[in-house]
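Here the protein sequences come in this chain order: A and B. Counting in numbering that gives the first Met the number 0, the final residue of the first sequence is number 89, and the numbers go up one at a time with none missing. Counting in numbering that gives the first Met the number 0, the final residue of the second sequence is number 301, and the numbers go up one at a time with none missing.
Mixed in with the good hints there might be a few duds.
Listed next, with one range per pair, are the computed distances between beta-carbon atoms [to be verified]:
1) R238/B x V20/A: 47 to 55 Å
2) R238/B x T78/A: 22 to 30 Å
3) D218/B x T36/A: 46 to 54 Å
4) R17/A x A127/B: 54 to 62 Å
5) A16/A x L284/B: 32 to 40 Å
6) A47/A x S3/B: 34 to 42 Å
7) P72/A x L101/B: 31 to 39 Å
8) S285/B x V20/A: 23 to 31 Å
9) P267/B x A39/A: 23 to 31 Å
10) T105/B x P7/A: 52 to 60 Å
11) D129/B x P52/A: 51 to 59 Å
12) A185/B x P52/A: 49 to 57 Å
13) M0/A x P23/B: 56 to 64 Å
Listing some non-contacts, in silico: residues in chain A with all C-beta distances to chain B over 12 Å [what the hints assert, rightly or not]:
14) M0
15) R34
16) P38
17) D62
18) A84
One side of the interface only, derived from the structure: several residues of chain A facing chain B at Cβ under 10 Å [claimed, not checked]:
19) V8
20) G15
21) A47
22) G48
23) Y57
24) E61
25) M85
Since the hints were derived computationally from the structure, they do not count as laboratory data. In this text, a Cβ means the ideal position worked out from N, Cα and C, and glycines have one as well.
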Amino acid sequence: MTVVRVPPVLRSEAGGAREVVAEGATVREVMEDLRRTLPALGERVYEAGELRPFVNVYVDGEDVRTRSGLDTPVSTTSTVILLPAMAGGR
Amino acid sequence: MVASSLLDLIGGTPLVELGRLSPPGRTLYAKLEGQNPTGSIKDRVALAMVEAADLEPGQELLEPTSGNTGISLALVAKLKGYKLTCVMPANATPERRAILELYGATIVDSPAEQGSNGAVALAQEIAARDDRFVMLFQYANEANPRAHYEGTGAEIVSELPHMDALVAGLGTGGTLMGAGARVRDAYPNALVVAAEPLPGDPVMGLRSLEDGYVPPILDVSALDRKLLVSNAEAAAAARVLLDREGLFAGVSSGAVVHVARRIAEELPDGAVVVAILADGGWKYLSAEFWSGEEIDEAVLWW
Chain A
0 MTVVRVPPVL RSEAGGAREV VAEGATVREV MEDLRRTLPA LGERVYEAGE
50 LRPFVNVYVD GEDVRTRSGL DTPVSTTSTV ILLPAMAGGR
Chain B
0 MVASSLLDLI GGTPLVELGR LSPPGRTLYA KLEGQNPTGS IKDRVALAMV
50 EAADLEPGQE LLEPTSGNTG ISLALVAKLK GYKLTCVMPA NATPERRAIL
100 ELYGATIVDS PAEQGSNGAV ALAQEIAARD DRFVMLFQYA NEANPRAHYE
150 GTGAEIVSEL PHMDALVAGL GTGGTLMGAG ARVRDAYPNA LVVAAEPLPG
200 DPVMGLRSLE DGYVPPILDV SALDRKLLVS NAEAAAAARV LLDREGLFAG
250 VSSGAVVHVA RRIAEELPDG AVVVAILADG GWKYLSAEFW SGEEIDEAVL
300 WW
């Protein structure tokens, strides 16, 4: 099982949890698992086989979009972080 | 050197080797953007955006900003004889208001609880109902990455015969897109790497995912790597930068150095990595981490 950290803006879809666990060897499998176990959360971040545009997914601190996307490998010791896309640079 | 205007001193910042922070066999360089006239990299962006806007008589500048961009715009506006209005959340720190007011900018408050999204929305409203105002909007203004293509990036490649990676902070995306493209023109195999801050807790004004935002000038596919940096990691690296190299840099620069060291370690022997340090540490003195106390990351970002 892999730990998935849930940002404040998505916690109501995760029953208030800051962290949930999911199974899978890739980001795609983790997302599919979330859709099964926590459909409200899963659907908010992943739909029709794609990550939603305003969601960033990180595996061990690195954005999967600059790795192998949904094929990025995930291990049981990995931490997956979900975050809303945010601009900085005030 | 004698310049005829402070605006002529924007850019042309030095590179310094970080010999004490470079992993063995690798060379880290820092580009010191804190040496721009108002103390940040945003001087380049402000000058480029104002010149591109080419205001007509009677027009005024408008920007939602509570940070470095506002200060840079205030300097450029003053020296070019334009009026500037900055829209910022009502709870922005007194220091940020004070410096803009000293430079002569007008401040308009947006609702505190709506955060920076609220400032953007209010600025757009003002610009829409009064055509006197020209909103520059650094997140969507092509002059922003262009300033870094023609300036920041060009300066780096002209100084270094070889480089393997460029690391910069991810804010609007302007630095990474512009300087990154210029570095790739010269060194096609160089990596362009983003150091991304973890958002503060709770992200102000962000009530739903639909409030999220990807700046139009940012193309994530043009980045080779994009790494999250926690407040604790950024703070620790900023402190090491000061302790070991005597370099007093801002929080985002800590994040950039943290990532630059990691990338340098991953690259083979002989690798050259350039870290762009956006500003100095002066504006962050009230931030607790300079005191050296342990930072509870969970409090800061969860």
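Practice item. Could you check the structure against the hints above and give me the numbers of any it violates, in ascending order? Key: Going through the list in order, the structure violates hints 1, 3, 4, 6, 7, 8, 9, 10, 11, 12, 13, 17, 18, 20, 21 and 22 and respects the others.
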